[in-house]
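Novice: In case you want the letters, here they are:
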Amino acid sequence: MEAQSSAVNYLPIIFQMLVAIGFVVGTMFVTHLIGPKRKTKDKLTPFESGIEVVGNARQPFSIKYFLVAILFVLFDVEVIFMYPWAVNFREFGWQGLIEMFIFMGTLLLGFIYIIKKRALDWD
Amino acid sequence: MELSLVIEKFILITGIFAVSLVVAMYSTLAERKVAGYLQDRVGPNRAGWGGIFQPLADGIKMFLKEEIIPAQASKFLFIAGPSLAILTACIGSAVIPWGSNIRIGDRVVDLQVTDINVGILYIFGVVSLGVYGIMIGGWASNNKFSLMGAIRAASQNISYEIAMGLSIIAFLMVTGSLSLRTITEQQHGFWANGWFTWYAFQQPLGFLIFLVCAFAETNRTPFDLPECETELVGGYHTEYSSMKLGFYLFAEYINMFVSSAVMATLYFGGYNYPGMDWVNATLGPLWGPLIGVAVLLLKIFFFIFFFMWVRWTIPRFRYDQLMNLGWKVLIPLAIANIVLTGVWITAKHTLENSVSIF
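Protein sequence lines, in the order shown, are assigned to chains A and B.
First residue of the first sequence? That's 33 in the working numbering, and the numbers climb one at a time after it.
First residue of the second sequence? That's 54 in the working numbering, and the numbers climb one at a time after it.
These aren't lab readings, by the way, just hints derived from the structure by calculation.
With a straight-line Cα cutoff of 20 Å, these simulated PhoX-like cross-link-like pairs (lysine-lysine) come out:
{"hint": "1", "chain 1": "A", "residue 1": "K96", "chain 2": "A", "residue 2": "K149"}
{"hint": "2", "chain 1": "B", "residue 1": "K128", "chain 2": "B", "residue 2": "K118"}
{"hint": "3", "chain 1": "B", "residue 1": "K197", "chain 2": "A", "residue 2": "K75"}
{"hint": "4", "chain 1": "B", "residue 1": "K118", "chain 2": "A", "residue 2": "K71"}
{"hint": "5", "chain 1": "B", "residue 1": "K114", "chain 2": "A", "residue 2": "K71"}
Listed next, the stretches of chain B that the computed footprint assigns to chain A, with coverage defined by at least 3 CB atoms under 8 Å from CB atoms of chain A:
{"hint": "6", "segment": "229 to 241"}
{"hint": "7", "segment": "283 to 296"}
{"hint": "8", "segment": "395 to 402"}
What follows is a list of derived Cβ distance ranges for each label pair:
{"hint": "9", "chain 1": "A", "residue 1": "H64", "chain 2": "B", "residue 2": "W102", "range": "32 to 40 Å"}
{"hint": "10", "chain 1": "A", "residue 1": "K75", "chain 2": "B", "residue 2": "F116", "range": "16 to 24 Å"}
{"hint": "11", "chain 1": "A", "residue 1": "E131", "chain 2": "B", "residue 2": "V332", "range": "40 to 48 Å"}
{"hint": "12", "chain 1": "A", "residue 1": "E131", "chain 2": "B", "residue 2": "D93", "range": "52 to 60 Å"}
By construction, the Cβ of each residue, glycine as well, lies at the ideal position given by its N, Cα and C atoms.
Start from the sequences and build out the full structure, keeping to the hints where you can.
Specialist: Below, the structure written as structure tokens:
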């Protein structure tokens, strides 16, 4: 059995986050102070290859991206579910392996379904 | 946790931080030099000897430029985007074992910020957080190019994360542990029981999938569609200037460093190398492990060079090709790898047990 990690083991991660936050905030602050500030109206418009800006970017975009995001949530949960099994699978022998293959088979069925439905086709 | 340990950890963290920042800085120079030599040019050579001060000059320039926040942008999110991008890049290195422990006087110092038993999961989580920096920054800019770059980046990163997770599952079936320290110690030396101990030789297919996914997660060519300049001007950082742009560029190089370190640790033995026992016995408990650190850094530099080599060799994918590769090639391959690994290990286990029965 491997050693259990207690809350103390996670403390250095907080330290590293503190150092990183300090670095980011400090740099942002310094660059804000020493950079020149000569703002004009043209500088503050969005850059669209030098052409007059039409509308703004808060508009609908292709549904495909949303579909990919939803499928990601489904499959990533399955992946996370497999982690504990993968770490301990030697103890389960053939039975555990076959059970997991059945689970992965159902996962694959869903995968084949979304491919047949052309959910992942970009045209 | 007593005070001396806290101080030790802070010194270690600052050291790792400094090393990763310097490596990221000099990666920009190395990239331009490698590009130069691959294209039969010299690369930057004006600032200092052979361009050695070029990264410093670039950094100073980034600091001194005017920072512009577009009038229509969401101010808070516009600043939060690059900060989050570099923050997630910087905290990923917390669980990587940089070397075995060294002894200074009677104090034993672990060359790892912390050894948690869910190390790989932690790295995986931090990598997924990286999407937010790009997505927030691109959306907050209120620019169509930025928005397109950001949603491309988001859906590309999440697509390749699945294949990455699946390749790691097959890896975990071999190691049986999520702690990076344990995994590195399992790869001790180079050769044991008639086969290589490094996991790249036990999981070649898994390593290949992981490598491709690492390229996609760090938005490197051939997967750099989020910042595809021929279509999207600058991609998600079109509107950024000054150090905020610098943070995005920097985050990419730090990510490259961290993912190289992860690949070297998981698949190429980390700080292990052939003949390490002899070296450790000869040089003692301080210098022996430090040689291991140098070996790990060498492996990391090789992977960083590999990232650059690929960048100037392979052209960029089209978006449908990218998605096809991620979903229809890598995911089925990764699942096949899990099945193969599972059957192989269980069959071997059964065979060994039945031999002992007879």
